[in-house]
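Starting from the given sequences, assemble the full structure and let the hints guide the process.
Protein chains in written order, with numbering that gives the first Met the number 0: chain A, 0 to 444; chain B, 0 to 444; chain C, 0 to 444.
Heads up, a few of these hints could be off.
One copy or two, it doesn't matter: identical chains are merged, so the pair holds either way.
[Stated by the list, open to error] Calculated pairs, EDC-like style, for lysine to aspartate or glutamate (alpha carbon to alpha carbon, straight line, at most 20 Å):
| # | residue 1 | residue 2 |
| --- | --- | --- |
| 1 | K183 | E129 |
| 2 | K220 | D368 |
| 3 | K166 | E216 |
| 4 | K260 | E51 |
| 5 | K260 | D199 |
| 6 | K146 | D94 |
| 7 | K76 | D90 |
| 8 | K264 | D277 |
| 9 | K54 | D433 |
| 10 | K264 | E327 |
Everything labelled a hint here was simulated from the structure, so no lab data went into it.
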Amino acid sequence: MKRAIAIPLFLVIPVLFFSSIRAQQKSDLSGAIKPASGIGDYNTPFNIIASESIKIVLDRIKDYFCMETPFRVIDVKTKVTITDFTKPVQDADFDNGDHNLFNLWTYEMGVTYSGMLKAAQITGDRTYSEYPEKCFRFYLENLAYFKKVDSSFGGRSNSYRPLLHTKTLDDCGSIGAALIKIYKSDREKRYLGIIDHIADHISNKQFRLHDGLLARESPFKRSIWLDDAYMSVPFLAQMGSLTGNKKYFDDAVKQVLLFSKYLLKHDKRLYDHGRNMDNPNDPEIFWARANGWMVLAVCELLDQLPQNYRGRDEIVENFRIHIQGLTEYQGGSGLWHNILNRFDSFEETSSSAMFVYGIAHGINMGWLDQSFASVAYSGWNGVSKKINQKGQVEGTCIGTSLEGSEVYYYQRPTSIYAAHGYGPVLLAGSEMLDFIRNQKHMPNK
Amino acid sequence: MKRAIAIPLFLVIPVLFFSSIRAQQKSDLSGAIKPASGIGDYNTPFNIIASESIKIVLDRIKDYFCMETPFRVIDVKTKVTITDFTKPVQDADFDNGDHNLFNLWTYEMGVTYSGMLKAAQITGDRTYSEYPEKCFRFYLENLAYFKKVDSSFGGRSNSYRPLLHTKTLDDCGSIGAALIKIYKSDREKRYLGIIDHIADHISNKQFRLHDGLLARESPFKRSIWLDDAYMSVPFLAQMGSLTGNKKYFDDAVKQVLLFSKYLLKHDKRLYDHGRNMDNPNDPEIFWARANGWMVLAVCELLDQLPQNYRGRDEIVENFRIHIQGLTEYQGGSGLWHNILNRFDSFEETSSSAMFVYGIAHGINMGWLDQSFASVAYSGWNGVSKKINQKGQVEGTCIGTSLEGSEVYYYQRPTSIYAAHGYGPVLLAGSEMLDFIRNQKHMPNK
Amino acid sequence: MKRAIAIPLFLVIPVLFFSSIRAQQKSDLSGAIKPASGIGDYNTPFNIIASESIKIVLDRIKDYFCMETPFRVIDVKTKVTITDFTKPVQDADFDNGDHNLFNLWTYEMGVTYSGMLKAAQITGDRTYSEYPEKCFRFYLENLAYFKKVDSSFGGRSNSYRPLLHTKTLDDCGSIGAALIKIYKSDREKRYLGIIDHIADHISNKQFRLHDGLLARESPFKRSIWLDDAYMSVPFLAQMGSLTGNKKYFDDAVKQVLLFSKYLLKHDKRLYDHGRNMDNPNDPEIFWARANGWMVLAVCELLDQLPQNYRGRDEIVENFRIHIQGLTEYQGGSGLWHNILNRFDSFEETSSSAMFVYGIAHGINMGWLDQSFASVAYSGWNGVSKKINQKGQVEGTCIGTSLEGSEVYYYQRPTSIYAAHGYGPVLLAGSEMLDFIRNQKHMPNK
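Written as structure tokens, this is what we have:
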């Protein structure tokens, strides 16, 4: 209970920096307030964010990508730039930059493209959308050459392998969703063939369980990975709205509902990372990023799915339960932990950004109650501290398999070269800009 | 399993200081025992407490309050003492002392008064009850003057505002309960008018849900706060026994049962802090002090409620479940954490003291099984370390709103000027004195 | 999701030291990977273990026991060796060595004997089984003398008291199980009388609840301790196979099923340490070692119980649930915490070793799915770090009572002289050797 302050903090119009509020509190009680005793560093500002500070973070990431992406074909063995595209070179590939961060055709880059597009849309700043456009253009310009490389030397594992020999959802779903988004604005005809190729893989070729759920044969014979929600649903949703063919929406709805059926654990209101479908006692491990993929997948679907579509209500209801659960497991600094219910596991940036995006977007769209606002504020405050001066996102868990041991998830390293962090931060920051704009016009409840 | 020791530690007659036991253990195993590896400081003695050490803590707090409370009216702008009570001064108020700790009419001070009265009752030391008597006398002596100030300058927000313009349960319930307790002993007629005024606010004016549960219109349109159990039930219980009018008992029973209906979460056996009644997915946050208010409220009610009163059995049953839950979430040092189920949130003193009080009182009254004894012992050992040489209670969370974000609760500061800690420590220490007395006469089970 | 690595780590044939894998990962990402930010030390290798490194650990423990056990009778008051066995000396006892670690007749030593026998069986190294054989021979050689001491001076509390005046399950069950195992190989007739005496205590004399569950009258009048599963079931199981008398199997099955009925908590899939049967609100405390005793008890029973025996399926099913729960609560370093669901309680070695044993044995026997393999690997990696150069097991919780307070369990000290750690590490290491051997021949799933 609080004596002095009558209006709740989160209704204060968020145009001030929290630090000044904080300073004022301090002077009220002079030296009397101690930081929370001993454990943790909970100095993350709670509720107040300036839009300007968000744009600074977004710009920094954009500049980092725009300036560091090489846009160059090299012989990866000799590092020499290839300029003669008449002769296929066996080890030709893009120069993917520092630690392969800027590989143009990966699922992580798909999220980055989507984040850039969202930033352009909300800020009106065209320099954001120019980045994915340039990437796809560059990729396409070299397609003919790399087909030659591929046929001359047999299936090379370069940046064109995922397109030329599509094997997994990772190869195509995330990047495909970004590609359709770009196609919708520039109507570049050459993209359509690629889009159809991806649709064919997801709809007809990818391994599925008997009930139709997209699945993998690794690491177990019949494995389901929550990650695959993002690797398929956003593409299917975009295909639905692009083609008007209901089968894509139906499949997307089915995927989301089946993932919830198998992996949403109602006692914690969180999603299990995945299952070995042949072990009834498969342990439940609540890996943060997989939960983030699910949040993104649901948002992408609800954005495209017509109102009153069959299954939509159930998806929204599960989304609310999920956000309630995520709220209950948010960490003390505003970030979420790599294993959501293990508070001694490290704080993870990519997932936290996806949760911030989902909550802000959910409130913006009216899917979520306004009372989740403070979770988005405190979450963004935690996330924004993880972007360094160079525009690099720190604290992102590197690529992670489906494992049966908590220890595996505890011990995953973090890296600024884990590309998974960039797209989510772009999405979260952009949505927060819109969110703060909307909040300013919220009537006092 | 334990080889050497046949009788359980908690049946050892608790007249020795634990430190000597500890020393003896050490010498048995010489250097072989390591403190628990690395994490946490678990050196809190476990089971043995000397009554003398408790009385020292209580005296220290009492002396701090008796010596530091100013008992003086000032112009808060100029800090000059007002002696001429014929002319109303716009900014007149009590001198509330260091950081407003000694404001005589607050809900926190209501708990302090109740704690002083309990200490007097159990120790037989009249100097404890003299403090609240003096406070109320001083408040009343100046009432006429402050009415003049209020009418001359219009609703001033001074220490008389909560009485002259009662708006919330915080304004009246806790202080009112303490006032009735004093009235019962000194039969000071002037208190009756004030008591009736408070009864009228709680019974007739305070916002309620349709089912009669006391509620607030802040921070959400329909908010329920567990804190309000303490802000209403002890007063209603005292009114029941003072007037013999069953309507007060009926209302008190209703409040406790409805709070349990909405906020007792049976999977954790803890109470949620509160709810936005219009968000079905309102997150469950287990704030320690709100759970403490509930424990106190239930004890105060059961103390007054006749045996066999309708609802009493259910209240006792819920109380047992709550104490079981609190036992399961006690922290490693004997204190509880600010968010009960978040062991990386800070250890909080006021709530821990309320839990110790509730457990000791529950065993003393026969509501709880004797096997909870060690929880009270270890809890008091944790609490008693938080009272410094000046008699100040450290580690108490400052005034706190109802929020939808865990981060808010993680980041609450603690302060020795958070008055919420003093009453609970007085209650806990007093009850422990009685408890230890009773334990000495417990038959071996 | 993981881009670069196609085969899951745990299928890599585990013949390499993890450190080299680790080094290679490092060089891939140079300085880019940061250790998980701040919290915890998660440097335990994850999945790869060399058999040679396990045998080194086992040998170190065996050598420590073989070289340090005194095998000498002394006057414990004067510390003088007794050589004249014609005159009974009042304070005669074994020299139990440093801090009584090597007391030959304790339940902890029973586990150590079983661990030595298992190591001999799996490694083929006879020097392991020679240790318990020598201990029992020495104990028996002196039995007549200590009977004389006992009758001359009346019930002395020396190392023969548990046999001569058997009072509790701790006195006889664990050591009895080891004795039958030895009898089965060497058919030493003199052991049979002792075995019958133990069978009589467990079957006819030990306090039980009305439904037949073995129980204690301490610390509460009707207390059940999960520890008693190990203190009875392995002996009953061995008696069943030794005598062919079904009543022993029936009793063993009953014990396991009743412990599961009362203490297996399905929301956590863990066992409560025990209960005061007269307090319906007895708190649930998930003490690690008691869970370890249960794992061992179940394995020992399933090893002896005929296929298709009534109750066997239910026992296996509960075992799977338990292992799932333990997997979900494994700590970040591979070890489990002293209170399983309290990640700020210390890491405990004896229980962790028992869990590793149970998981490895369960997979070896086909009771558990292969996907638990990584839990055993990471668990052993955590455990093996706790054996120091002298062969001492560090981080083992000392003897522990059944208590109603979490604080008690948080504050238990650890000691290298807590004998409870040695047997479990011998069992775990031995079983891991067999496990790794089997894994090498596992077909790729």
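Hints, one by one, checked against the model:
Proximity of K183 to E129 under the C-alpha cut-off of 20 Å is restricted to the intra-copy arrangement: shortest distance 15 Å within a copy versus 79 Å between copies. Proximity of K220 and D368 under a CA criterion of 20 Å is satisfied inter-copy only: 13 Å between copies versus 41 Å inside one chain copy. In this homomeric assembly, K166 and E216 come within 20 Å of each other (Cα to Cα) only inside a single copy, at 12 Å, whereas the closest approach across copies is 57 Å. Proximity of K260 to E51 under the C-alpha cut-off of 20 Å is found in neither arrangement, the shortest distances being 41 Å within a copy and 45 Å between copies.
Taking the shortest alpha-carbon separations for K260 and D199, neither the intra-copy value of 26 Å nor the inter-copy value of 52 Å comes in at or below 20 Å. In this assembly of identical chains, the alpha carbons of K146 and D94 lie at most 20 Å apart only when taken from the same copy (17 Å versus 81 Å across copies). Taking identical chains as interchangeable, the C-alpha atoms of K76 and D90 lie at most 20 Å apart only when both belong to the same chain, with a minimum of 7 Å there against 80 Å between chains. Within a single copy, K264 and D277 get their C-alpha atoms as close as 18 Å, which meets the 20 Å cut-off; across copies the closest is 24 Å, which misses it.
Taking the shortest alpha-carbon separations for K54 and D433, only the intra-copy value of 11 Å comes in at or below 20 Å, while the best inter-copy value is 59 Å. Both within a single protomer and between protomers do K264 and E327 lie at most 20 Å apart by alpha-carbon distance, with minima of 14 Å and 14 Å respectively.
Checked against the numbered hints above, the structure violates hints 4, 5; every other hint is satisfied.
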